[in-house]
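Participant: Could you build all of it, start to finish, from the sequences and the hints given here?
There are 2 protein chains.
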Amino acid sequence: MKKSREIILADKAGFCFGVKRAINTAFKAAAGGKVYCLGPLIHNPQEVDRLRREGVETVDDLKTLKPGDSLIIRSHGVPPSVLRQAHDKDLTIIDLTCPFVGKAQRFAERLQIEGYRIVVVGEKKHPEVQSIIGYAGEDAIVVETPADLEGMKAQRRLGVVAQTTQSYSNFSEIVLELLRLSKELKVYNTICNSTTERQNATRSLAGRVDIMFVVGGRNSANTTRLVSLCREEGKPTYHIEVADEIRQEWLQGASKIGVTAGASTPDWVIEGVLKRLREGHTSKQPVR
Amino acid sequence: MKKSREIILADKAGFCFGVKRAINTAFKAAAGGKVYCLGPLIHNPQEVDRLRREGVETVDDLKTLKPGDSLIIRSHGVPPSVLRQAHDKDLTIIDLTCPFVGKAQRFAERLQIEGYRIVVVGEKKHPEVQSIIGYAGEDAIVVETPADLEGMKAQRRLGVVAQTTQSYSNFSEIVLELLRLSKELKVYNTICNSTTERQNATRSLAGRVDIMFVVGGRNSANTTRLVSLCREEGKPTYHIEVADEIRQEWLQGASKIGVTAGASTPDWVIEGVLKRLREGHTSKQPVR
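Line by line, the protein sequences are chains A and B. Everything in the first sequence is counted per my numbering, starting at 1 for the first residue and increasing by one. Everything in the second sequence is counted per my numbering, starting at 1 for the first residue and increasing by one.
Because the hints were derived from the structure by calculation, they are not lab data. You may find that some hints are simply not true.
What the hints assert, rightly or not - List time: in silico PhoX-like cross-link candidates among lysine-lysine, alpha-carbon distance up to 20 Å:
1. K20(A) / K66(A)
2. K183(B) / K103(A)
3. K89(A) / K103(A)
4. K12(A) / K34(A)
5. K89(B) / K183(A)
6. K256(A) / K235(A)
Claimed, not checked - Here are the simulated distance ranges between beta carbons:
7. G234(B) / D244(A): 55 to 63 Å
8. R180(A) / D60(B): 36 to 44 Å
9. K89(A) / E138(B): 49 to 57 Å
10. E138(B) / S255(A): 56 to 64 Å
11. P80(B) / K28(A): 54 to 62 Å
12. G234(B) / Y168(A): 27 to 35 Å
13. N219(B) / R180(A): 25 to 33 Å
To be verified - Chain A stretches covered by chain B per the calculated footprint, using a threshold of three residues with CB under 8 Å from any CB of chain B:
14. 39-46
15. 61-71
The C-beta atom is built at its ideal place from N, Cα and C for all residues, glycine as well.
Facilitator: Take a look at the structure:
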């Protein structure tokens, strides 16, 4: 007897506004000739491959670029020092910094002007956090988890901004600790709505299925965070970049399968995964 | 066999800096002639009686006062409208607003100028909160417990100050909720150190005795809060204003007795309680 299986895609899975805008503009710009992007445009190797084939080349720094070359600033933004370098080299700048990241940068700059010691809640090495720190000043502190605050000295005035893709629960735990460590605390909650909505939809879906697939780049911080959320819900969770990674044995005994995807996961990749999962239960073939 | 009994006084019990300063200055001022105090100088009926005998008279409003009369502004402070009335009546103002309350007033004023919607964490009817609201503006919201926030609409910018004698745990719970209700949150933690220290010392003492006595005015908010803290520690707790209220049966079976007192409880009242408790276990007489 064939067991019925249900595949459910989470609301809000895939590209957010900032990523969609960056991808669309990059493709348009590349139609007029080669463009360079400082670091991969998004944290999704499959989409970055597709972009390269269309003329969007990833560079690690500005050294090889010549005056007049077109430089894309990706959605994560860059510190002001990099913008200055690009201007000094007379590059044509296509600034695709996500407007929500731009807000976090401006709030960080304002907190610095107002004399606050700044805490950025986020991942130290993430390019978005690096871009925000550029505006927050050299003595800004990056805090990833409440444990990072152990031993931190009390400060009179603390200013706080967040990486736009942070989970609210981690952010609020850190703010609560910072409240204890200061007499004056100014907090800009710069977590973007689309992150919160995607995380809520993912958590809710994980709660009512047997297993979860999270689709997106292994180098994508927001995708990895969705994996953690699903595991916190106690569900077996598989982080995959593409459909080909799905293994038949993972699906054994699962009658409801949830699928979600990070903000940098293109629709065509998500579609591929959904198609494979549907086939996986119509055919009796092993998936690979 | 006589059972040994230990009486332990909490650290930091009794007058805080602001109250001590107010009492001392009021006595000095009254030595030069009658002075008026708008509302009881402190929330301790026994000490207010003593002050009256020395020439510090409590008035409920400014109506009966004449130009040149001396008016004490007590440690809780007053809204600016009352200060203006006093100036308009040409009263001689002796401003004994606690400097920490003065800070909360100034921070509230600054938040108002900066355009924040202001939340005062404290008791709606407490004169200190009323004085702070005078600086926070008419649309300020007073929040006593996190439950007060139920149904509150999200605000873009919220500014927060606290009644100086709030408990930190209640304050931080409320701040956590306000973080969820705003995109920008500026918090001045105006709880005074002496409150925190007294509460911590009380909690720690309550944890290691059999019963607790909390000495202070029944109209004293900070004293009442000490009672709650002791009960949260699971200890039988008696709120008394004076030694005469102690009943022998309360002491049955208690080998360790803790005593603490609010910020407005005079030393002579605390001493009276300690003396009675010591007698209570040396003599075999019922306490009253």
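Participant: Look at each hint and say if it fits the structure.
Facilitator: Cross-check of the supplied hints:
| no. | hint | result |
| --- | --- | --- |
| 1 | K20(A) / K66(A) | 28 Å, violated |
| 2 | K183(B) / K103(A) | 12 Å, holds |
| 3 | K89(A) / K103(A) | 26 Å, violated |
| 4 | K12(A) / K34(A) | 32 Å, violated |
| 5 | K89(B) / K183(A) | 38 Å, violated |
| 6 | K256(A) / K235(A) | 12 Å, holds |
| 7 | G234(B) / D244(A): 55 to 63 Å | 60 Å, holds |
| 8 | R180(A) / D60(B): 36 to 44 Å | 40 Å, holds |
| 9 | K89(A) / E138(B): 49 to 57 Å | 56 Å, holds |
| 10 | E138(B) / S255(A): 56 to 64 Å | 59 Å, holds |
| 11 | P80(B) / K28(A): 54 to 62 Å | 59 Å, holds |
| 12 | G234(B) / Y168(A): 27 to 35 Å | 34 Å, holds |
| 13 | N219(B) / R180(A): 25 to 33 Å | 31 Å, holds |
| 14 | 39-46 | violated (count 0) |
| 15 | 61-71 | violated (count 0) |
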